[in-house]
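There are 2 protein chains.
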Amino acid sequence: MSLNDLSSAMLPKIEEELVSVVRRASINGNEQFYSMLAYHMGWDKSAAVALGKRIRPLMVLLTTSAAGGEWERALPAAAAVELVHNFSLIHDDIQDGSDLRRGRPTVWKIWGMPQAINVGDAMFALAHSATLRLADTSSPEIAIRASRLLLFTCLELTRGQYLDMQYENRNDLTVDDYWPMVSGKTAALLAACTELGAIIAGANDTTCTAFHDFGRSLGLAFQAQDDYLGIWGDAALTGKSAESDLVTGKKSLPVLFGLTQNGLFSQRWFEGPIEPEEVHTIAKQLEVEGARQFTQETTARLTDQALNALASIKADNAGAEALEELAHQLLTRKQ
Amino acid sequence: MSLNDLSSAMLPKIEEELVSVVRRASINGNEQFYSMLAYHMGWDKSAAVALGKRIRPLMVLLTTSAAGGEWERALPAAAAVELVHNFSLIHDDIQDGSDLRRGRPTVWKIWGMPQAINVGDAMFALAHSATLRLADTSSPEIAIRASRLLLFTCLELTRGQYLDMQYENRNDLTVDDYWPMVSGKTAALLAACTELGAIIAGANDTTCTAFHDFGRSLGLAFQAQDDYLGIWGDAALTGKSAESDLVTGKKSLPVLFGLTQNGLFSQRWFEGPIEPEEVHTIAKQLEVEGARQFTQETTARLTDQALNALASIKADNAGAEALEELAHQLLTRKQ
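Line order of the protein sequences matches chains A and B.
Its first residue numbered 1, the first sequence is counted upward by one per residue in our numbering.
Its first residue numbered 1001, the second sequence is counted upward by one per residue in our numbering.
Note that these hints are calculated values from the structure, not bench results.
Some hints here could point you the wrong way.
[To be verified] Among chain B residues calculated to face chain A with C-beta under 10 Å, some are:
hint, residue
1, Ala1038
2, Met1041
3, Gly1042
4, Ala1125
5, Cys1154
[To be verified] Some chain B residues well away from chain A (every beta-carbon gap over 12 Å; in silico):
hint, residue
6, His1091
7, Leu1100
8, Glu1141
9, Arg1148
10, Asn1262
11, Pro1276
12, Glu1287
This structure is a prediction, so every number in the text was calculated from the model and none was measured.
The C-beta atom is built at its ideal place from N, Cα and C for all residues, glycine as well.
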């Protein structure tokens, strides 16, 4: 079975589990409260294309399968990671002042900042209550281990978020500062997805660690690739150049590399905001100073690390093949 | 042993457990991140009188003791409820735009709204990870039951908060709208404290329910009393009349009662914000229209309900006596 076959079987079950968890918000008849959560999840009528890709829950289920377990048992954890991801998006959008998410107005944009904080908090509570159903599908011990791991991961997320916000006001950052931030913001949750999948399959510690390493390296590679696309991707260089990371001022991997070269790029960066019409010239300058090659090499190295961790498990089955295919899809995407 | 003796033994252990949980935020050397959480908890140097009263963790431990258990085993749950309470305060202060908390600047006032949302999120994750240590002090089954209860309580908190914020823009509210809001915002967490204490003591379902009812009625009585003091308390009527609920416009129990009388109070209320110099006259008018008596009678009825629930358990021991004493202290306070 390919990734396509497996995900076709898994995605409807993931959505079913998600709905049954989030529905808890409407107990005692509070449909309006529920509707704000449902809107963010992409379940309202305006949401034909607003569903997330559900990459994280798929990674949990594929890992359980790759590690020799029944993926249906991992559905509570799959729902939990997706809800954690969505909780963090709701709060991120407030923190960043973002107006749009998946092409629609963000929760805070519609209902205001105070209500949006609260919607995120409700999503957080639902996420962690979702995990505990593992006590029914697996065992109380596995539920506790999974719950601890996911809560620790949320602490990592908040630490990454802290660094990201703190970096906005700093001019002394180097590439070394990049890794602790993206470890928390991106890699920790992907590492948790694959580790959770392995734990639920009852894998031994060596295998759990290898799956964790796979998820973590994949997350770091994903972020480095994202940062690459944020400057040299088609969207960043063409019509949407206002969305280029150079214009938004994001301290991404290539930017931090460029800043430590003390060349023309760094000089221009510190002069003030970059305008959309400068995007081509400055992206070129950054390339001349070596940032493009550095980012590509870094992504390739992290991708190798991820695939080596996966290969070390020697899980010669459909789940492992599908995981490898998913990793390739994520790391060769063009936007 | 009196409440005083028991709380003298418990409070240092509560603080120790809280510190050991919150310290997890500084793993990997992020002292600055930890320091924001520690500041809110009242552990920094400026905090001589900024510690919370730790009422909720005391209620957990006293209940465990009253229900015949060893209170030391309940310390993880005691820390968890206090951290949940503090998470909600951090986010409440942002949502309300409050500048001060326990006489000091609020987290958002010092570090800004985006960082404060994140500090609250970290506190939330720590709270729920605290609960899981019950797997070590009690059993995995009890840890899961406690964790489910506390997460469900957090969902109730967010639902109460949703209603509270939504009520700000509504002019059609009655006393009936008051109860679902305060059930979530205040009573749910106190009910969870006493129910958790009983669960950890291994009490049977009848006893757990009675303790839950005690906490819930106590929480409702506490809030009704708080609303009473917000209008007729010394602080609200004297120097600090700018803090009177009449001036802040809070839709408290006496206000909702007054609004449904369609008298002079209701007429004045809908004309626009009440000024500090009007506080005496309007508090008097509200009393004439019956709101003062109604609020006192409601508090008394809820207090009786709470004490009857406690008495029904027939726990004739020091823990139960101390719980009763604590209930009296809370409900006869003057500010």
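Comparing the hints with the structure gives:
1. Ala1038: violated (14 Å)
2. Met1041: Hint on Met1041/B: violated, closest Cβ of chain A at ~16 Å, above 10 Å.
3. Gly1042: violated (20 Å)
4. Ala1125: holds (4 Å)
5. Cys1154: holds (4 Å)
6. His1091: Violated, because the least Cβ-Cβ distance between His1091/B and chain A comes to about 5 Å, which does not exceed 12 Å.
7. Leu1100: holds (18 Å)
8. Glu1141: Check fails; 5 Å does not lie beyond 12 Å.
9. Arg1148: The assertion about Arg1148/B is violated, with a minimum of 5 Å to chain A.
10. Asn1262: For Asn1262/B, whose nearest Cβ neighbour in chain A is about 27 Å away, the distance exceeds 12 Å, so it holds.
11. Pro1276: holds (25 Å)
12. Glu1287: For Glu1287/B, whose nearest Cβ neighbour in chain A is about 32 Å away, the distance exceeds 12 Å, so it holds.
When the structure is compared with the earlier hints, violations turn up for hints 1, 2, 3, 6, 8, 9 and for no others.
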